[in-house]
Amino acid sequence: MIVADRKKIPEIRDMIASHDKVLLVGCGTCVTVCLAGGEREVGILGSALRMALSLGGRPKVTVHECTIERQCEDAFIDILAQRATEYEAIVSFGCGAGVQALAERFPKMPVYPGLNTQFIGILESQGVWTEKCSGCGNCRLAEFAGICPITRCAKRLFNGPCAGSRDGKCEISEDRDCAWQLIYERAKALGILDRFDAVAAPHDWSSGLDGGPRKVVREDQRIAGLGPKA
Amino acid sequence: MSRPDTSAQMTAGATSAEPLILAFCCHYCAYAAADLAGSMRLSYPDNVVVLRLPCTGRVEVNYLLAAFERGADGVLVAGCLEGGCHFQEGNLRARRRVERAQGLLAELGLEAERLEMYNLSSAEGGRFAEIVNEMTERIRRLGPSRIKPGAAAVAAGVHALAQDAAQRVAAEACGCSRGSACAG
Chain A
1 MIVADRKKIP
11 EIRDMIASHD
21 KVLLVGCGTC
31 VTVCLAGGER
41 EVGILGSALR
51 MALSLGGRPK
61 VTVHECTIER
71 QCEDAFIDIL
81 AQRATEYEAI
91 VSFGCGAGVQ
101 ALAERFPKMP
111 VYPGLNTQFI
121 GILESQGVWT
131 EKCSGCGNCR
141 LAEFAGICPI
151 TRCAKRLFNG
161 PCAGSRDGKC
171 EISEDRDCAW
181 QLIYERAKAL
191 GILDRFDAVA
201 APHDWSSGLD
211 GGPRKVVRED
221 QRIAGLGPKA
Chain B
1 MSRPDTSAQM
11 TAGATSAEPL
21 ILAFCCHYCA
31 YAAADLAGSM
41 RLSYPDNVVV
51 LRLPCTGRVE
61 VNYLLAAFER
71 GADGVLVAGC
81 LEGGCHFQEG
91 NLRARRRVER
101 AQGLLAELGL
111 EAERLEMYNL
121 SSAEGGRFAE
131 IVNEMTERIR
141 RLGPSRIKPG
151 AAAVAAGVHA
161 LAQDAAQRVA
171 AEACGCSRGS
181 ACAG
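Chains A and B are the protein sequences, given in the same order. Counting along the first sequence from 1, when you hit position 138 you're at 138 in the working numbering, and nothing is skipped either side. Counting along the second sequence from 1, when you hit position 1 you're at 1 in the working numbering, and nothing is skipped either side.
Keep in mind that the hints are not guaranteed to be accurate.
Partial list, computed: chain B residues near chain A (C-beta under 7 Å) [unchecked claim]:
hint, residue
1, V50
2, N62
3, E69
4, E107
5, R140
6, L142
7, P144
For the record, the hints were derived by calculation from the structure and aren't laboratory data. Note that beta-carbon positions come from the ideal geometry of N, C-alpha and C, so glycine has one too.
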């Protein structure tokens, strides 16, 4: 899932400094699961923001909250279309995709981000999320025993480990596992260590963000004339 | 035991010079302790509005913030002694939520000390009075909250909350979602 965390209250307060009616929009998908932008968190932030505005001498600013099922799909934004016209601005508590989907849907309305989108990751333990995928567009997990060196090795080494690996930890921080230690141990357990006899090939970064903004098209799924983005 | 008129108390608190303090009390300890304090004829400030919860684990961060937003000068959460929660760990969860809310209060510019978590047992009537006195003294020292909606706004907020609660109770009673509009 997409993992995010919220921006500080003063930053959000300053973003909406020129507006008197603001709608905070949560997202019921990834950011709800990572406890950053779901219904409960948006409710908390709404309350905190109203108080921050009041303390900052703007008690009459209207701040309302609502949460839609999924911000990154236009069909789910339909439910907001009527209500959004009552406000001067939107603060999105979705990921960066959600913010931009709202901005595309409401071209005349400022849409601000309430979250800092962090990464694609998983829940490691209650309250702890870790990054697992960089979305490089050319998955090579099969070569590395299912552990991604692009995301989890600080140097993105394809032929590791480096000399910064100490007791299974990466030199950048004692709480970061060395990805190559993990790869080695898992490959050993799977009995596929011989894969590392050969040097791993360089990565084709053109499929990643380095190749410019990406697009996935499924011609068989396209229906011309149906929906705003068909 | 008669149910206190919370809305009247809150409206009165918003207009009186005494600080308005909201106390989220666990049914199994603090609420019983408050009752005991009364039976023991212990006196404590009457500016504290007691809200009974089945467990302090029911407290959410937004309840705490909503209290301040609606005009409370101080909020205390009183749960069972650590290790003695009727629901195992509700009071431990409440403490962490209180800590998070304290962080949010500081971030938005209000004194975090206006919110506090206490632990006590049902046998500690004296301790309950002590906690209320301590919190009242602290809030007096800090002065009134700078987030003070007018008395009318407080009354409207409390009225809305009361209506919402009544609808929920009605809905729970018959199992439908029409609340007070339900004909049974």
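How the hints compare with the structure:
1. At a threshold of 7 Å, the smallest CB-CB gap from V50(B) to chain A is about 22 Å, leaving the interface hint violated.
2. Annotation: N62(B) was flagged as interfacial toward chain A, and the flag holds, the nearest CB pair being 5 Å apart, inside 7 Å.
3. Of the supplied interface hints, the one on E69(B) holds, with its beta-carbon coming within about 5 Å of a beta-carbon of chain A, less than 7 Å.
4. Interface hint at E107(B): satisfied, since its Cβ lies 5 Å from the closest Cβ of chain A, which is below the 7 Å cut-off.
5. Among the interface hints, the one on R140(B) is violated; its C-beta lies about 20 Å from the nearest C-beta in chain A, farther than the 7 Å criterion.
6. Because the beta carbon of L142(B) sits about 14 Å from the nearest beta carbon in chain A, more than 7 Å, this interface hint is broken.
7. Against a cut-off of 7 Å between C-beta atoms, the interface hint on P144(B) is violated, since the closest Cβ of chain A lies about 13 Å away.
The structure fails hints 1, 5, 6, 7 (numbered hints given earlier, in ascending order).
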